[in-house]
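With chain A's structure known, arrange chains B and C on it following the hints.
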Amino acid sequence: MLFQQSILCFIAGLACGAGFLVISSKSPVHSVLSLIFSFVLCSFVLLTLEIDILALIFLIVYVGAIAILFLFVVMILNVKVAEARANLFQYFPLGFFLLSLLYFDLGLLMPASFSVDVAHFIPFYLEWPKAVLSFGCLESIGFLLYTYFPFYLIGAGLLLLLAIVGAILLTLHRGVGVHRQEVSFQNRRDWVEVLHMVQ
Amino acid sequence: MDSRFILPAIIFLFFIGIGGIILNRRNLLLMLISVELILLAVNIQLSLFALILDDLIGVIIALLVLTVAAAESAIGLALLVVHYRIRGSISTDLLRLLKN
Amino acid sequence: MSYPPIAGFMVLSAFIASFILGLSFFVAKLKPDGEKVSAYECGFDPFDDARARFDVRFYLVAILFIIFDLEVTFCFPWALTLFYSGLFGFYSIVFFLGLLTLGFVYEWQKGALDWE
Numbered sequence: 001m002l003f004q005q006s007i008l009c010f011i012a013g014l015a016c017g018a019g020f021l022v023i024s025s026k027s028p029v030h031s032v033l034s035l036i037f038s039f040v041l042c043s044f045v046l047l048t049l050e051i052d053i054l055a056l057i058f059l060i061v062y063v064g065a066i067a068i069l070f071l072f073v074v075m076i077l078n079v080k081v082a083e084a085r086a087n088l089f090q091y092f093p094l095g096f097f098l099l100s101l102l103y104f105d106l107g108l109l110m111p112a113s114f115s116v117d118v119a120h121f122i123p124f125y126l127e128w129p130k131a132v133l134s135f136g137c138l139e140s141i142g143f144l145l146y147t148y149f150p151f152y153l154i155g156a157g158l159l160l161l162l163a164i165v166g167a168i169l170l171t172l173h174r175g176v177g178v179h180r181q182e183v184s185f186q187n188r189r190d191w192v193e194v195l196h197m198v199q
Numbered sequence: 001m002d003s004r005f006i007l008p009a010i011i012f013l014f015f016i017g018i019g020g021i022i023l024n025r026r027n028l029l030l031m032l033i034s035v036e037l038i039l040l041a042v043n044i045q046l047s048l049f050a051l052i053l054d055d056l057i058g059v060i061i062a063l064l065v066l067t068v069a070a071a072e073s074a075i076g077l078a079l080l081v082v083h084y085r086i087r088g089s090i091s092t093d094l095l096r097l098l099k100n
Numbered sequence: 001m002s003y004p005p006i007a008g009f010m011v012l013s014a015f016i017a018s019f020i021l022g023l024s025f026f027v028a029k030l031k032p033d034g035e036k037v038s039a040y041e042c043g044f045d046p047f048d049d050a051r052a053r054f055d056v057r058f059y060l061v062a063i064l065f066i067i068f069d070l071e072v073t074f075c076f077p078w079a080l081t082l083f084y085s086g087l088f089g090f091y092s093i094v095f096f097l098g099l100l101t102l103g104f105v106y107e108w109q110k111g112a113l114d115w116e
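These protein sequences, in sequence, are chains A, B and C.
Each residue of the first sequence is one higher than the last, beginning at 1 in the UniProt record's numbering.
Each residue of the second sequence is one higher than the last, beginning at 1 in the UniProt record's numbering.
Each residue of the third sequence is one higher than the last, beginning at 1 in the UniProt record's numbering.
For the record, the hints were derived by calculation from the structure and aren't laboratory data.
Heads up, some of the hints might be wrong.
Stated by the list, open to error - Selected chain A positions facing chain B (Cβ under 7 Å, derived; list incomplete):
1) 10
2) 20
3) 41
4) 66
As the list claims (entries may be wrong) - Covered, in the sense of this in silico footprint (three residues per stretch, anywhere, with C-beta under 8 Å from a C-beta of chain C), are these stretches of chain B:
5) 29 to 39
6) 62 to 68
If you're wondering where the values come from, they're calculated on a predicted model, not measured in any experiment.
Even for Gly, the Cβ is constructed at its ideal location relative to N, Cα and C.
So here's chain A without its partners, still in its complex pose:
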């Protein structure tokens, strides 16, 4: 147990260090790479706590899609080094003030211990320990998501639709004078009508 806890502390500390590298490195490429490292380490934290399917989903979506998107944007924009950051500490007092305010706010909100009165919080459908023990994490998510929380699913679908439409509207510019390839026209063309015998 102590071994597992020390491994968890080590991984979480490494993730915090990677996060610090993200915000402190000069080049955007380096900060994106540190972001990938932080994603992987947080996924390891979840894997060590045996929330395995969520860890793998995080690995697929964060590292496989979002970080790749950031790398693509870095390659598109050709940002070599971040612009002059001489006044890095210009906003430091304001930032420190806001951060400490948020920290004390969180400290006020956070209860001292999480000894929850479980019987008070149990909803009508809750038999999680049995469900998780007999079915596993992914199946219990499936039992919950499609029957008890379908509106979250529909909301996620609407959000993804919004992302598709917004991204296409923002970035797609079709050139005016560009000759495009029309595959169906090319396939429809009959070679008998095109071929002529030249004397």
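The following block gives chains B and C in isolation, referenced to the frame of chain A:
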């Protein structure tokens, strides 16, 4: 296994993200990356609380936050590309041209 | 759960990767020079680095990959609990897939998938 001792580290990751937004107000790309870091910390917290409180709703909301993170990065980076095409730089100083 | 084999596998792979990298770093002759890493131009000094900028279309393809990646993620639990979640669960995910199909049709009609 008691996993509460991991919570302060993840809260620290959250604060690193917020500090990244506040401290570097020059580069739009780094601000988006910091938003990703914040959402990652929130996600890990949600799944940890789902583990601690024995409640699977945290996992489902973590999936939703994942969706929000993906859509936010897609549209935010598209806006960044458009801003770069118009202004020729990704500095946030040009964002307040509308004020004058 | 039995994660120690995975941990051993990861340690072994990290060891092999660092061993091969370190071997090529220590055994080879190292004479670093600025001319070696700069872009080659004939007759004049290079203006810029050799990285070419990507087209924006790659970015659009990456965005669409994200969207459908998340769609598949939401479909994973459905595949396991299809026979338990009843007709309501079936139609909820069908509605979800229909929304994304709408997005896909929009994208096809706008020509985001064509390559000029």
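Here is what the structure says about each hint:
no. : hint     : in the structure
1   : 10       : 10 Å, violated
2   : 20       : 6 Å, holds
3   : 41       : 10 Å, violated
4   : 66       : 5 Å, holds
5   : 29 to 39 : violated (count 0)
6   : 62 to 68 : holds (count 3)
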